[in-house]
Amino acid sequence: MPSCSLMGELMPREVKRLGLGRTGQPCDCSPHLRAAAEHLRRKDLKISQLQAELGRPPPAPAQPPEPEALPAIYVVTPTYARLVQKAELVRLSQTLSLVPRLHWVVVEDAEAPTPLVSGLLAASGLRFTHLVVLTPKGQRLREGEPGWVRPRGVEQRNRALDWLRGKETAVGGERDPPPEGARGVVYFADDDNTYSRELFEEMRATRGVSVWPVGLVGGLRFEGPQVQGGQVVGFHTAWEPERPFPLDMAGFAVSLPLLLSRPGARFDPTAPRGHLESSLLSHLIDPKDLEPRASNCTRVLVWHTRTEKPKMKQEEQLQRLGRGSDPGIEV
Numbered sequence: 001m002p003s004c005s006l007m008g009e010l011m012p013r014e015v016k017r018l019g020l021g022r023t024g025q026p027c028d029c030s031p032h033l034r035a036a037a038e039h040l041r042r043k044d045l046k047i048s049q050l051q052a053e054l055g056r057p058p059p060a061p062a063q064p065p066e067p068e069a070l071p072a073i074y075v076v077t078p079t080y081a082r083l084v085q086k087a088e089l090v091r092l093s094q095t096l097s098l099v100p101r102l103h104w105v106v107v108e109d110a111e112a113p114t115p116l117v118s119g120l121l122a123a124s125g126l127r128f129t130h131l132v133v134l135t136p137k138g139q140r141l142r143e144g145e146p147g148w149v150r151p152r153g154v155e156q157r158n159r160a161l162d163w164l165r166g167k168e169t170a171v172g173g174e175r176d177p178p179p180e181g182a183r184g185v186v187y188f189a190d191d192d193n194t195y196s197r198e199l200f201e202e203m204r205a206t207r208g209v210s211v212w213p214v215g216l217v218g219g220l221r222f223e224g225p226q227v228q229g230g231q232v233v234g235f236h237t238a239w240e241p242e243r244p245f246p247l248d249m250a251g252f253a254v255s256l257p258l259l260l261s262r263p264g265a266r267f268d269p270t271a272p273r274g275h276l277e278s279s280l281l282s283h284l285i286d287p288k289d290l291e292p293r294a295s296n297c298t299r300v301l302v303w304h305t306r307t308e309k310p311k312m313k314q315e316e317q318l319q320r321l322g323r324g325s326d327p328g329i330e331v
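At position 305 of the sequence shown the residue is numbered 305 (the UniProt record's numbering), and the sequence of numbers has no breaks.
It cannot be assumed that every hint is accurate.
As the list claims (entries may be wrong) - 20 Å max Cα-Cα, derived SDA-like pairs, lysine to any residue:
(1) K86 / P113
(2) K86 / Q139
(3) K86 / H103
(4) K309 / S325
(5) K288 / E330
(6) K46 / R34
(7) K86 / E111
(8) K86 / R127
(9) K311 / R34
(10) K311 / S124
(11) K309 / E330
(12) K137 / G173
(13) K167 / L134
Think of the hints as simulated: they come from the structure by calculation, not from any bench.
Only a predicted model underlies this, so the values are computations on that prediction, with no experimental measurement involved.
Start from the sequences and build out the full structure, keeping to the hints where you can.
In C-alpha cells form, the structure reads like this:
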C-alpha cells in the first residue's frame, strides 16, 4: 500500500477513484493529489459548520411593540335604547376586543345609565368609560321622521369630548380622562356600522386628522377623499360636494393632542344636513392638510351597514293575547 500522509486525508472512494489502492504502486504525492486533499478538507469544514448551525436555536422573531407603547385609540360610540341595541353593541365590542390599546367611550342617550349597557360594558373585557346625556326634546326625531332630518348623537359625542377634556364625570368604567400630554387618537364609531380591525391600526399614528373611504353611504358604493401625490385634493360624494368636509362620521379620526388644544372644537347641533362633521373639523384643520390612510384612500375598511328594524307584528299580537315574550329575558 502507498505510504503517503495524503492518503489519510482522502476518503476511501477518492482513493479508489484515483487508483491508489492497488499494491505495488508508489505514491508520488503529485500536485493534483494535494489539490484533491485540500478540496476534501474544505468540504469537511463546511459540513462541520452546517452541523453546528443546525444545532443552534432559531433566532427569536421580532417582538411587536408593547401595548403600553402604542398610542391609545379612544372610540366614542353614542347609543340609544331600541330592540337591536344590544345586538349592535355586542357586535361592535367583539370587533374592538381585537384591537390593542383601545378605550371605548360609550355615551347613552338616556337620563341615567341602563342595566343593559352597564352590564354589557362590564362583561366586554374592554377598557371603557360610560357616560350618559339625554338629547333635548327639541333635537329629537319626531315619530315618522327620516333619520337624516336632524343630526343624531350630537349631545352624546360632545359629552365624550367634555370627558376627554376633563370637564365631565363618568358614571362607570374608567372615570379619569387621559393624562396631560398623552398620545392618542379619537374616533367616532356609531354602533350600527361594520368595522375592519385593520382600520384601527391605520388610524393609530394620526398626527392631525386622518381620513379614508366609507362604504355603502350617501347613496353610493363608497364616499371618500380623492388623493393625488399623497395629498387630499377633493372628495368623491354626491351630496353637496361643496361642503367644507364632505365626509361621513366614520371616515376620519382626530389626534387627541390636537383635539385637546382646541377647546372650542365641538359638534354643532344646529348644523344643516350633512354639515355635522364639518362643524367639528373646521375648527381643527384645513382640508389640504388631511392625512390619507388606507392606501391613499383606495381601500374600504368601514361600512355603513344599518341593521334592519325588526318587525314585531307577531309579538304585538301575542301581547294582546297576554302571551307576549318574557320581558325578563334581555334581548
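Checklist entry - Would the pair K311 and S124 pass a check requiring their Cα atoms to be no farther apart than 20 Å? => result 28 Å, violated
Checklist entry - Does K86 pair with P113 here, judged by a C-alpha cut-off of 20 Å? => result 14 Å, holds
Checklist entry - Given the proposed pairing of K46 with R34, does the C-alpha separation stay at or below 20 Å? => result 19 Å, holds
Item to check | Pair hint outcome, K167 versus L134 [Cα-Cα no greater than 20 Å] | outcome: 17 Å, holds
Checklist entry - Does the structure keep K288 and E330 at a Cα separation of 20 Å or less? => result Given pair K288, E330 is violated - Cα atoms ~48 Å apart, limit 20 Å.
Checklist entry - Holds or violated: K86 with H103, Cα cutoff 20 Å? => result 19 Å, holds
Checklist entry - Are the Cα positions of K309 and E330 separated by 20 Å at most? => result 17 Å, holds
Item to check | Straight-line alpha-carbon gap K309 to S325, limit 20 Å | outcome: 18 Å, holds
Checklist entry - Under the criterion that the straight-line Cα-Cα distance not exceed 20 Å, is the pair K86, E111 satisfied? => result 18 Å, holds
Checklist entry - Is K86 within 20 Å of R127, Cα to Cα? => result 18 Å, holds
Next on the checklist: Check whether the Cα positions of K311 and R34 lie no farther apart than 20 Å.
Outcome noted: With a Cα-Cα distance of about 93 Å, the restraint between K311 and R34 is violated, given a limit of 20 Å.
Next on the checklist: Holds or violated: K137 and G173, Cα atoms, limit 20 Å.
Outcome noted: Violated, at roughly 28 Å.
Violation of the numbered hints given earlier is confined to hints 2, 5, 9, 10, 12; the remaining hints are satisfied by the structure.
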